[in-house]
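Given the structure of chain A, go ahead and fit chain B onto it with the hints provided.
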Amino acid sequence: MPWLCRHCAPEPCGCARPHRLEHPELFALSVAHVDADAFFAAVEKRRRPELAGRPVIVGGGTRGVVSTACYIARLSGVGSAMPMFKALKLCPDAVVLRPDFAAYSAVAAEMRRLMLALTPAVQPLSIDEAALDLAGTEAVHGAPPAAVLAGFARQVEASLGVTVSIGLARNRMLAKIAASLDKPRGFAVLGSEAASLLAPHPVTLLPGVGPAQARRLAALGITRIGQLQGLRPAEARRRLGEDGPALVARAEGEDARRVDPRREAKSVSAETTFAQDLSDPTALEAQLWPLAEKLARRLRETELAASGVVLKLKTARFALRTRQARLAQPTVLPDLLFAAGAALLAREADGTAFRLIGLGAAGLAPLAQADQPSLADPDLPRLVARQKAIDGLRERFGVGAIKKGRMFFF
Amino acid sequence: MKLKADRATLLRALGHIQSVAEKRNTIPILANVLIAVKDGRLSFTATDMEIAIVEEVAASTSRNGAATAPAATLYEIVRKLPETAEIEFDHPGGDAPLGLRAGRFNTSLVVQPVEDFPSMTAGSLPHRFHLPALVLRGLIDRTRFAISTEETRYYLNGIYLHRAESDGHPVLRAVATDGHRLARVEEPLPEGASAMPGVIVPRKTVNELRRLLEDESGSVEVALSDTKIQFTVGPITLTSKLIDGTFPEYERVIPSGNDKVLRVGKKDFADAVARVAAISSERSRPVKLSLQKDLLTLSAASAEQGSAVEELDRDHVEYAAGPLEIGFQARYLNDITDQITENVEFCFSDGSAPTVVRDAGDQSALYVLMPMRV
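Chain order of the listed sequences is A and B. Residue 52 is where the first sequence starts when you use the numbering used here, and the numbers rise one by one after that. Residue 3 is where the second sequence starts when you use the numbering used here, and the numbers rise one by one after that.
Bound conformation, chain A alone (with noise of 0.2 Å):
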């Protein structure tokens, strides 16, 4: 069984206690999936060496929600995108700390260009995560894509302080899935035997089932990625839909995404899936507001703004169609991106059913570029207090503390 030693490789091993890792595709497989482990809290303990070990939660900010939470305050439950008072009740003991985006983003600098070295074909997924091919590379490195991705993550240890999950398959989907399995440190290779280990897990684990789409699986009997396995793809378009084919190959492993070192980070967005197809323009904008809500906090989470916004809808057919309007200047007022949105929405609801809808930043600006007065717009202050008081009472009670009147029309 070919193996490596994660201590010395890509060195020969020589060491008195191998960490071995093996798998019998270890070196033929060439997609990794890096992901950080804890990144944010990883970060502030590597610059503040007394917090070590101490459970550390980054969050807080403008809205009061876990942003990233270290191992230590994992173990007590501590999760991300928690309210902040919730995790302070399960530990009590937590270091709070607000986030510093431009520390996190150095260090994400400085990892990436480690992943350059190791190849050119580095796509970043966010500011912790990337997606790296290796195939052809070792020729140059003198070791198989495995060995050299053991070296990096010890150097990012050893040079950044931080540490890494590696997954290691043949394609992006298994990649990260893989990365997933071993956190953290981990470094878990995904070969043949994937299918059969995708099988006893939820739906939920393939990428693009999300909670509407998994409903409606269970409605089929459907709640296990092995019922999706070895369905005929006529089979499959019938008892599934249009995508039915495309979801049965990723349940059996199969990913043709490639990786694209020229695709930027994913932009921030959200999105959902309607339980019915809606043609009606009133129903479709009545989707959008939580939706400009939601966008507006993640911007806010993310120290981001949104200098323009993307509108995506999926026709009942699967036909995907999004629409991009610049904004006047950077925003993260709801309001704003509803508006922007809904003048997109307009001109696409003609009565065409749509199973999808989706608002999300077209290209992105800092935070403090966000909102600033203009001559133009008398009305922005006021926009911004309500907002400031909005965040400010969610905070306190939370998000569902406070919704906009129009949420109740429906």
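Keep in mind that a hint or two might mislead.
As the list claims (entries may be wrong) - If you only want the chain A side, here are some residues facing chain B, beta carbon under 10 Å, derived:
1. Arg-377
2. Pro-424
3. Leu-426
4. Ala-427
5. Pro-429
Hints were generated in silico from the structure; no laboratory data involved. Quick caveat, the model's predicted, so the values are computed rather than measured. Beta carbons are placed, not taken as given, at the ideal position from N, Cα and C, and that holds for glycine.
This is chain B only, laid out in the frame that chain A set:
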């Protein structure tokens, strides 16, 4: 259609016409000029469907008729003919080419059907008033630099022309803003404008009109409805659609309590800004104004190029309020001082609040500037 006209007359008219004619060929015929002789009078027409310009041109005509020909080509041909040339147009009608002759030069231009040329009708224009060309120029020059070019807020892509009260007197106001600066200019309300609706005149129309006003010393007739505006400048009629939108309630962003007043000679100030700003090629870099009693220090810095400072002391400035620091984009300062004749008056509140700028010798114009962080 048959006519004769001298080169200078034609060139002048085609110059006016061809900038309206659409150069980007979305609809090919919009690149054409309609040449028409009716009742013995020659007129040129061009339109981009938003604006139409019609100019009556002096010519000796011998046969009525009409044809359309590419405006840019025609302009180029006429321009290249000798200065004293007399040009003869001859068009037998229909699809036949348009013949042009000047001396021994001969050209025949492909025409497009006159029936296809879109006509933009003004409709009824119930509000009608006259403004001296000089006054209209002043309204345009002191506001158009602030017109927004950003298309998201299309209602800012023009000058908001409307009637208002100023110190109890009815005035005609022109306002433009791009969010960073705002310009408001007013003139006594002319007769016939008292019931006019507030209208937003598009930037392209403003620029075309401004060109037509260049050498005009007489009076301009302005006629408008809710949707169209028409300017008659001598033999030229410019008709334009208006921007269908609501201009912001700008009065609410004009500060009223700014009590820190700086007076400075326009030339001293503008020259100092230009010198200090030269340190940075980045347009968005601010010029910092640091104020103490009767002392203005202008400074700018650029990480790559270095820094620059200039002081204007009591011989040049008058400032009695407490110390203040505020930054502005150099270009925004220059756009305003360009419109000021002698002395500039700044009214500040603090370093982050909108600042009011005026011409110390002329209260008809008011400018508001958003500061930049320094």
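How the hints compare with the structure:
Against a cut-off of 10 Å between C-beta atoms, the interface hint on Arg-377 of chain A holds, since the closest Cβ of chain B lies about 5 Å away. A hinted interface residue such as Pro-424 of chain A counts as satisfied when its beta carbon comes closer than 10 Å to some beta carbon of chain B; here the least separation is about 7 Å, so the hint holds. Residue-level restraint check for Leu-426 of chain A holds (minimum Cβ-Cβ distance to chain B is 4 Å; threshold 10 Å). For the restraint placing Ala-427 of chain A at the interface with chain B, the shortest Cβ-Cβ distance is roughly 4 Å, inside the 10 Å limit, so the hint holds.
Taking 10 Å as the C-beta cut-off, the interface hint given for Pro-429 of chain A holds, the closest approach to chain B being about 4 Å.
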